[in-house]
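Peer 1: Chains as they are written, first to last, in full-length UniProt numbering: chain A, 1 to 731; chain B, 1 to 148.
Don't read these hints as lab results, they were simulated from the structure.
No experiment lies behind these values; they were computed from the predicted model shown.
Misleading hints may appear alongside valid ones.
Restraint ranges, calculated between C-beta atoms of paired labels, are given here [as the list claims (entries may be wrong)]:
no. : chain 1 : residue 1 : chain 2 : residue 2 : range
1   : B       : S59       : A       : T717      : 34 to 44 Å
2   : A       : I688      : B       : A120      : 51 to 61 Å
3   : A       : Q616      : B       : S59       : 46 to 56 Å
4   : B       : S81       : A       : V168      : 54 to 64 Å
5   : A       : V197      : B       : D116      : 16 to 26 Å
6   : B       : T115      : A       : D297      : 18 to 28 Å
7   : B       : T115      : A       : G587      : 32 to 42 Å
8   : A       : P560      : B       : D79       : 54 to 64 Å
9   : A       : G587      : B       : E53       : 31 to 41 Å
10  : A       : D276      : B       : S69       : 44 to 54 Å
11  : A       : S97       : B       : S81       : 15 to 25 Å
12  : A       : G239      : B       : S59       : 28 to 38 Å
Lysine-lysine pairs mimicking DSS-like chemistry, simulated, CA-CA at most 27 Å apart [what the hints assert, rightly or not]:
no. : chain 1 : residue 1 : chain 2 : residue 2
13  : B       : K78       : B       : K5
14  : A       : K343      : A       : K332
15  : B       : K5        : A       : K728
16  : A       : K654      : B       : K78
17  : A       : K618      : B       : K143
18  : B       : K40       : A       : K660
19  : A       : K551      : A       : K574
20  : B       : K78       : A       : K217
21  : A       : K307      : A       : K318
22  : B       : K143      : A       : K98
23  : A       : K262      : B       : K143
24  : A       : K267      : B       : K40
25  : B       : K5        : A       : K270
26  : A       : K217      : B       : K40
By construction, the Cβ of each residue, glycine as well, lies at the ideal position given by its N, Cα and C atoms.
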Amino acid sequence: MNRGQTRAHRLDRREFLRRSGAVAGSVVLLQIAIPLGACASASSSSDAPPATVASNAFLRLHADNSISFLSPAAEIGQGTSSTLAMIACDELGADWSKTRFELATGLPEYRNMLLGQPGQLYAGEQVTGGSTVTAGFFMPVRTAAAQMREMLTLAAAQKWEVDPGECVTADAAVKHAGSGRSIMFATIAPAAAELPVPAKPALRDPKDWKLIGRPQKRLDIPSKVDGSAIFAVDVVRPGMLYAAIRHAPVVGSTPLRAEEAKARAQKGVKGVYLIDNFVAVVADSWWTANTVLEEMDIRWSDAPNAKASTATELAKLKAALDGPGALPFEVKGDAAAAFAAAKTKVAQDYDVPHLAHATMEPMSVVAEFTADGLSIWTGSQGPTVQRRAAAAVAGLPEEKVHLTVTYAGGGFGRRGDLDYVEQAVKIAQRASAPIKLIWSREEDIQHDQYRPFTAIRAEAALDAKGDLSALRMRVAGRGPWTDQRPYLVQNGVDFMLIDALNTKTYPAANALFEVAPTTSAVRHGPWRGIAVPPNIFFLESLIDELAVAAKLDPIAMRRPWLAGDKRLLAVVDKAAKEAGWGAAREGHALGFACYTEERWLCRVAAVIDTSLVDGQPKVNRIVVAVDHGFSVNPDSVIAQIQGAALFALTAALKGEITIKDGRVEQSNFHDYPAIMLAEVPPVDVFLIPGDQIPGGAGEIGVPVIAPALTASIFALTGKRIRSLPVSKHFA
Amino acid sequence: MAFFKLNGESVRTDVDPAKPLLWVIREDAGLTGTKFGCGKALCGACTVHIDGEAQRSCSVPVGDVEGKSVLTVEGLSKDRSHRLQQAWIEHAVPQCGYCQSGMLMAAAAFLATHTDPTDADIDAAITNICRCGTYHRIRAAIKAAAAA
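Extracted from the complex, chain A is given alone in its bound form (with noise of 0.2 Å):
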């Protein structure tokens, strides 16, 4: 074909495809409009469910007995909506080859029962995060289901005229197995309508659960091996312009001029706006944008954080580590005494960077203006505070503005944070178009909420029996919600910098906990986990350097201040025993971390097998011993201790984000890296079952995986790693 054709190249997208589908014959160029609602089932992605013949908030019946289930937690790869679709199904007795899912959100029914009820972190809102979801609504989704249920069975009993007793619920129908006369949901559902809902159902008995505790696969992943799963990123809507952005480089910078004229002229753009910290290129290609927008000049205006690096940085929880005004959080008995008196007893500071949250999809998100009102889609992990943050830029009620929530290619705790959402909104006002704003990778990486930079002076004492007789710890830094939740901030202790610093785990008869809050040239967030794996890093291994000094083992050492939690013995006694805790091969080093949580109700130990290869460690396996309580979809824990591995391995071998004149060094894949096939060891997962309460599993795989990494090369090397990542040291 003719390439050199110049007059062509100056069509319009519109035209383009005008003449595009004007070609005869063999020449087809599609605009396709995607299918937005239905995001995913158990058959088919594109099929819209038929008719609703009962529902209530978390569950739709429809006509052809199949169900959807609406999924109040966002969908970030962690498979809680066919967990929760597994319970609400087994519950009501519906058939599992016939149940999708759709992504809710707006209704009261989806706060999360441990975020999000009154007094809790995130009262009154819709939010995913701290490995809450199946916990949360183990119980709201049976009951929702059981409601169903019961109301289905007696409309069909009273038909029958039979003791609804008598009635089972099975494969989507009511059976009475003394006539053997069965009815399905949907020919009752319209009888079953008519009949009060059940305050308080009996729930289905454990032991005729079908589904529960049984591995499933997951009604998510067909539409993910075709490309017919729908993000943020993907969703068209009619007339839509595509938003790329550029942040000020520094944080308290504010764009002063960028050449909007001379970017204006340029083929494709539909305007230029410098907003806040940022300008916004608006064109008909999302590629244009971002592309215009690289080649322009912009001039930032001066901002006291330009002076910052990761060395003022560093300095600055030094100096928070050494000075006054520390905030004690935990005083037991008297530490200083106990120090003075100890037999052994040992003193270290340790420190863990920024890290980028650099999940897959790069943060986006629709915005459109309707006639009466504003729609967003975006994969969220807190579509309340989204919406309500939408609402406030666009000067509308809440209830004008509709949010759908969309599958979101990761999350990790950034896609509950508002900056891009309300980017989007002030982007549309403007453009007076319904707006897609892609973040390119260099702005998601340079301009992230962060895992805060964080530094901690440890130290633990043994006294002369040997028993663990003090711990005293002071953690330099700005936590999360400093800024981003200030109301969670509690006489200036922010809990999401405190986190697992405690005596829980290993109860010290003395203790002094403090925490000394710092500024931050970079805005934090939370990052899977939060607080904890930072913490659980600097406490397992400070408790590992204890263990060097008094010459002891360290599981040895551990397990007699274990002995109170049966449940924590049990996970550090199978990942011992699985990896063949003490008999290292000839070369390697194995290494040791545990740590218990109340709040995800969970155990987790892991033992890590570290050598040399040219003189850099290689990570041979990983096994991960984990109580979390029940499992509803084993396979789905799994997959998150092996993945929650393999991301906390990224962090600990190779994750920083450094600063330099006040802006992010990193910018991409090529120098904030993360690990790829050829570098990725076994990852053993051995579950331990607990009892029948669910815990969380999307974060515990995470805390343990430094500590035991850096114990492990000490073991090896003998050079012990106070400051993540592994790779610095080892250049």
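Position chain B relative to chain A; hints supplied.
Peer 2: Here is chain B on its own, set in the frame of chain A:
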């Protein structure tokens, strides 16, 4: 102008020939299974086949596919029947799913030349990034598909 085959159908674009194939596929052809991840050919989320070879479409100008045949995840099969798609479902590979179109396309090109791959073969050939950490299942699914 570029004239090429997309999933077996002939298409013509009059867009700037410098526009990356990724954005032509997503914005102009409306096929959104191919994902934008990094824009620098680093992550592989945008992997498609160009004349049978796995390529990162974010870094291929559409002008360069003139006369060539492009295959996206939507063209792998009409009904998820490709042996890799079946293996991906069987091994429950995806978590968030965002990287998986690219993973599948990279794996499909790889399997065309490797009938009995080892872990080392897979590790050397598939350099796409998955932040969820589905790598173990990717290896297992590729081997299962190879044996199918």
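Peer 1: Each hint should be assessed against the structure and marked as holding or not.
Peer 2: Consistency of the hints with the structure:
In this structure the hint that S59 (chain B) and T717 (chain A) lie 34 to 44 Å apart at CB holds, the actual value being about 39 Å. As the Cβ distance of I688 (chain A) to A120 (chain B) is approximately 33 Å, the hint placing it in 51 to 61 Å is violated. At roughly 29 Å, the beta carbons of Q616 (chain A) and S59 (chain B) sit outside the given window of 46 to 56 Å. In this structure, S81 (chain B) and V168 (chain A) break the distance hint of 54 to 64 Å, their C-beta atoms being roughly 37 Å apart.
The supplied range of 16 to 26 Å is broken by V197 (chain A) and D116 (chain B), whose beta-carbon atoms lie about 59 Å from each other. For T115 (chain B) paired with D297 (chain A), a C-beta distance near 54 Å fails the hint of 18 to 28 Å. Look at T115 (chain B) against G587 (chain A): about 35 Å separates their beta carbons, and that is inside 32 to 42 Å. Hint check: P560 (chain A) to D79 (chain B), Cβ distance near 60 Å, so the stated range 54 to 64 Å holds.
At roughly 40 Å, the beta carbons of G587 (chain A) and E53 (chain B) sit within the given window of 31 to 41 Å. Remark: the range hint 44 to 54 Å for D276 (chain A) to S69 (chain B) is upheld by a beta-carbon distance near 46 Å. Remark: the range hint 15 to 25 Å for S97 (chain A) to S81 (chain B) is upheld by a beta-carbon distance near 18 Å. Look at G239 (chain A) against S59 (chain B): about 30 Å separates their beta carbons, and that is inside 28 to 38 Å.
Simply put, K78 (chain B) and K5 (chain B) have alpha-carbon atoms about 17 Å apart, close enough for the 27 Å limit, and the pair holds. Annotation: proposed proximity of K343 (chain A) to K332 (chain A) holds, straight-line Cα distance about 19 Å (limit 27 Å). Of the pairs offered as hints, the one joining K5 (chain B) and K728 (chain A) is violated, with about 47 Å between alpha carbons and a cut-off of 27 Å exceeded. Taking the CA atoms of K654 (chain A) and K78 (chain B), the gap is about 40 Å. The hint is violated against a cut of 27 Å.
For the suggested pair K618 (chain A) and K143 (chain B), the alpha carbons sit about 24 Å apart, so the restraint of at most 27 Å is met. With a C-alpha separation of about 23 Å, the suggested pair K40 (chain B) and K660 (chain A) falls inside the 27 Å cut-off, and the hint holds. Of the pairs offered as hints, the one joining K551 (chain A) and K574 (chain A) holds, with about 23 Å between alpha carbons and a cut-off of 27 Å not exceeded. Distance check on the hinted pair: K78 (chain B) and K217 (chain A) sit about 21 Å apart at the alpha-carbon level, within 27 Å; holds.
Between K307 (chain A) and K318 (chain A) the alpha-carbon distance is near 18 Å, which keeps this suggested pair within the 27 Å criterion. Between K143 (chain B) and K98 (chain A) the CA atoms are separated by roughly 30 Å; this puts the pair beyond 27 Å, and the hint is violated. Taken as a hint, the K262 (chain A) and K143 (chain B) pair is broken in the structure, with Cα atoms around 53 Å apart against an allowance of 27 Å. Between K267 (chain A) and K40 (chain B) the CA atoms are separated by roughly 23 Å; this keeps the pair inside 27 Å, and the hint holds.
For a cut-off of 27 Å, the pair hint linking K5 (chain B) to K270 (chain A) is broken: about 30 Å separates their Cα positions. Straight-line distance between C-alpha atoms of K217 (chain A) and K40 (chain B) comes to about 34 Å, which puts the hinted pair past the 27 Å bound.
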